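Chemist: Given next are the chains, with one letter for each unit.
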Amino acid sequence: MEKKLYTLIVYSENIAGILNQITAVFTRRQINIESLNVSASSIEGVHKYTITIWAEEDTVIKVVKQIEKKIEVLQAHYFTDDEIFYHEIALYKLATPELENNSYISKVVRRYGASIVEVNPVYSIVKKAGMSDEISSLYDELQALGCVLQFVRSGRVAITKSCVERVNEYLADREMKHLQKNK
Amino acid sequence: MTKEKITGAEALMRSLEHQGVTTLFGYPGGSIMPVFDALFDHSAQLNHILVRHEQAAAHAAEGYARVSGKVGVCLVTSGPGATNTITGIADAMIDSTPIVVIAGQVGTPFLGSDAFQEVDLVGITQPISKWSYQIRRAEDVPMAVAKAFYIAQSGRPGPVVLDFAKNAQVESFEYEPVDVDFIRSYVPVPDTDMTSLEEAAKMINSAKRPFALVGQGVTLGNAQKELLTFLEKADIPCGTTLLGLSDIPTSHRLNKGMLGMHGNLGPNVKTNECDVLIAIGMRFDDRVTGNLATYARQAKIIHLDIDPAEINKNVKVDVAVMGDCKQTLPQLTDMITFAHHEEWIASFREHEQLEYERVIKNEVYPADGPLKMGEVARAVSDAAGDKAVLVTDVGQNQMLSARYFRYNRNRSIITSGGLGTMGFGLPAAIGATFGDSERIICAFMGDGGLQMSIQELGTIMEQKAPVKIILLNNNYLGNVRQWQAMFFNRRYSFTPMMNPDYMKIAEAYGIPSRLVVKREELSQGIEQMLNTDGPFLLEVAVIEEGNVLPMTPPGGTVNEMLLEC
Numbered sequence: 012m013e014k015k016l017y018t019l020i021v022y023s024e025n026i027a028g029i030l031n032q033i034t035a036v037f038t039r040r041q042i043n044i045e046s047l048n049v050s051a052s053s054i055e056g057v058h059k060y061t062i063t064i065w066a067e068e069d070t071v072i073k074v075v076k077q078i079e080k081k082i083e084v085l086q087a088h089y090f091t092d093d094e095i096f097y098h099e100i101a102l103y104k105l106a107t108p109e110l111e112n113n114s115y116i117s118k119v120v121r122r123y124g125a126s127i128v129e130v131n132p133v134y135s136i137v138k139k140a141g142m143s144d145e146i147s148s149l150y151d152e153l154q155a156l157g158c159v160l161q162f163v164r165s166g167r168v169a170i171t172k173s174c175v176e177r178v179n180e181y182l183a184d185r186e187m188k189h190l191q192k193n194k
Numbered sequence: 004m005t006k007e008k009i010t011g012a013e014a015l016m017r018s019l020e021h022q023g024v025t026t027l028f029g030y031p032g033g034s035i036m037p038v039f040d041a042l043f044d045h046s047a048q049l050n051h052i053l054v055r056h057e058q059a060a061a062h063a064a065e066g067y068a069r070v071s072g073k074v075g076v077c078l079v080t081s082g083p084g085a086t087n088t089i090t091g092i093a094d095a096m097i098d099s100t101p102i103v104v105i106a107g108q109v110g111t112p113f114l115g116s117d118a119f120q121e122v123d124l125v126g127i128t129q130p131i132s133k134w135s136y137q138i139r140r141a142e143d144v145p146m147a148v149a150k151a152f153y154i155a156q157s158g159r160p161g162p163v164v165l166d167f168a169k170n171a172q173v174e175s176f177e178y179e180p181v182d183v184d185f186i187r188s189y190v191p192v193p194d195t196d197m198t199s200l201e202e203a204a205k206m207i208n209s210a211k212r213p214f215a216l217v218g219q220g221v222t223l224g225n226a227q228k229e230l231l232t233f234l235e236k237a238d239i240p241c242g243t244t245l246l247g248l249s250d251i252p253t254s255h256r257l258n259k260g261m262l263g264m265h266g267n268l269g270p271n272v273k274t275n276e277c278d279v280l281i282a283i284g285m286r287f288d289d290r291v292t293g294n295l296a297t298y299a300r301q302a303k304i305i306h307l308d309i310d311p312a313e314i315n316k317n318v319k320v321d322v323a324v325m326g327d328c329k330q331t332l333p334q335l336t337d338m339i340t341f342a343h344h345e346e347w348i349a350s351f352r353e354h355e356q357l358e359y360e361r362v363i364k365n366e367v368y369p370a371d372g373p374l375k376m377g378e379v380a381r382a383v384s385d386a387a388g389d390k391a392v393l394v395t396d397v398g399q400n401q402m403l404s405a406r407y408f409r410y411n412r413n414r415s416i417i418t419s420g421g422l423g424t425m426g427f428g429l430p431a432a433i434g435a436t437f438g439d440s441e442r443i444i445c446a447f448m449g450d451g452g453l454q455m456s457i458q459e460l461g462t463i464m465e466q467k468a469p470v471k472i473i474l475l476n477n478n479y480l481g482n483v484r485q486w487q488a489m490f491f492n493r494r495y496s497f498t499p500m501m502n503p504d505y506m507k508i509a510e511a512y513g514i515p516s517r518l519v520v521k522r523e524e525l526s527q528g529i530e531q532m533l534n535t536d537g538p539f540l541l542e543v544a545v546i547e548e549g550n551v552l553p554m555t556p557p558g559g560t561v562n563e564m565l566l567e568c
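Top to bottom, those sequences are chains E and G. With our numbering, letter number 122 in the first sequence gets 133, and the count goes up by one each step, no holes. With our numbering, letter number 427 in the second sequence gets 430, and the count goes up by one each step, no holes.
Extracted from the complex, chain E is given alone in its bound form (with noise of 0.2 Å):
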């Protein structure tokens, strides 16, 4: 079978810990998480985790499984890049002068439109947001021109293109068979 890149999106209880238990899994297994994103989701109290990994998809579904197993998560999931919109960003911290002397610098960060949010005598920053292709081809160019101090990207951050959200569906399925048995 043939390893592809997978975006697990999972949710779980706002605990301390919990973070360690998912990544545990991975660890076990020896995979090594490509780029992981953690914030609120849009129910309170419930936390998003954006995971992404090389892997066969038989094992990625073992993962998903043994993740959904601890106690205080909710549900996860897992998705291919055809089945999500997702977007990272990416900071990029430019040498001024050489911005100012080479004129084709900020062309190329036109062409990606990427911003530059900061300008100070010693320093500029660009800032990219999109796909995890057109941020590396970014640095990569710019990488070539000779002006990059500093690179940092954020992990993936994704969202399901399916009209079903299955977290809410969860949660209000078991609050009514809780609602059910003490009936």
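FYI, nobody ran anything at the bench for these hints, they're computed from the structure. Just so we're clear, the structure is a prediction, and the values are computed from it rather than from any experiment. Even for Gly, the Cβ is constructed at its ideal location relative to N, Cα and C. One should not assume that every hint holds.
As the list claims (entries may be wrong) - Now the stretches of chain E that chain G is said to cover, found in silico as 3 or more residues with beta-carbon under 8 Å:
(1) 83-95
(2) 109-123
(3) 183-189
What the hints assert, rightly or not - Residues of chain E clear of chain G, computed beta-carbon distances all greater than 12 Å:
(4) TYR22
(5) GLN41
(6) LEU160
(7) GLY166
Starting from the known structure of chain E, arrange chain G on it as the hints suggest.
Modeler: Below, chain G without anything else, positioned relative to chain E:
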């Protein structure tokens, strides 16, 4: 009226009593002293068994849980007290045993400061427990305890750790009992999909050579009756895993014996001949399957389990029936048709005969030579009868006693299956005597495993715990020696072991004992052991280089078992 304020330690006592706890296994220490102080006033309701090492407290809690079906509880201090329970927690995790380990912890202001006897217990135990939680405030005690017991025993059971900070033990709050039967992020029993039941029934109904694999899930679901009704209706022969041995009587015509590396020939061979394989509450452990590439490739596979993460983990299945087998088995039984498979069932016989001639006859009924381990196990089983519970340590003593014991009642085997923990047997047997005082707890161990927990003879002495210890002494770490003989050119690297005089050790602890060397003395020795009230140590000098057979070598194929080595 203002409610009464009590300390966190006192709240723990009341919460445990609220959960119906009657027995605790533990060991005091600095960070858990307020709890032990509260326990002093609750000793009428909560029987605390003082062990001699915290690892034994965890194993005793496991033994208690395994024989009774209730949650085993242990109570230890922070730092080394807590880390000593790790092996027991890992053992309970892999064997799905419901225990709650309550450990002291330094006060919250000291957390993270490398304080005396501080250890990150939650961090350490997260990967090896079902749930691990730190109690930092006294008012969290009732909820934490209620959740701990709910999680430990619901769904697929497992160990839960409560890390109890010292300040939370001494602070006061208004106590009110708490019950938990719902955690929104935790689905203990997954919904059963009716289509999966229909597909499974269809497969079973068209099967010519169906074969069932019975695991501990049946024990945990108390579904032994449901299992029998199911198997009998469609006339399905079965093999059991090590932990599932007592789910169906040994003598039942559909019980074809034990699966796995040292299981019986018939069920292993037939795994690769059946047309429909029905796995019930078992997890296709590598000790059962051997080489996955050659495992049951010809069969359609149905897997009944409560844990979604077990489906397709090791073996790809055709139909997964999720749910508690207590419910899914009767549902499936209703949907299958009556059937007869005489010829298929009779086809096991040639393997039974072959195994009898080549292995069993010499192991259980040897005419001369030194005593054999299998012979001792069968003799004890025959003498002790249905009331016996087999508790084993790990190694040759485990495999041979498990193979030759006969089971006729539920919850008659307690053994460390997944983790293979040497030193498990003696403390687990102690726990079992408290879990069910009506039964005869027979603990089989080797000279290696006994010495790993030998300090627990002190607990047995103090509690007069009626553990019948059968020490199969071969002066070797026998299982490893056997592998060295088979796979390492007979290079016995550190497996011969010098032994102490166990009769003197037993005497020092005031435990009646007897050494049996000759075959003629065996039945007398067993009689004496069973007729003695309380504990007894029966040491049997067994064949030094005895082997466990048959055997599927690691990575081997289930239908190519070795009958000799």
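Chemist: Each hint needs a verdict: does it hold in this structure or not?
Modeler: These are the hints, each one checked on the structure:
1. 83-95: This one holds; 3 residues, not fewer than the three required, reach chain G with a Cβ under 8 Å.
2. 109-123: violated (count 0)
3. 183-189: Answer holds; 3 residues pass the 8 Å Cβ test.
4. TYR22: violated (9 Å)
5. GLN41: holds (14 Å)
6. LEU160: holds (35 Å)
7. GLY166: holds (22 Å)
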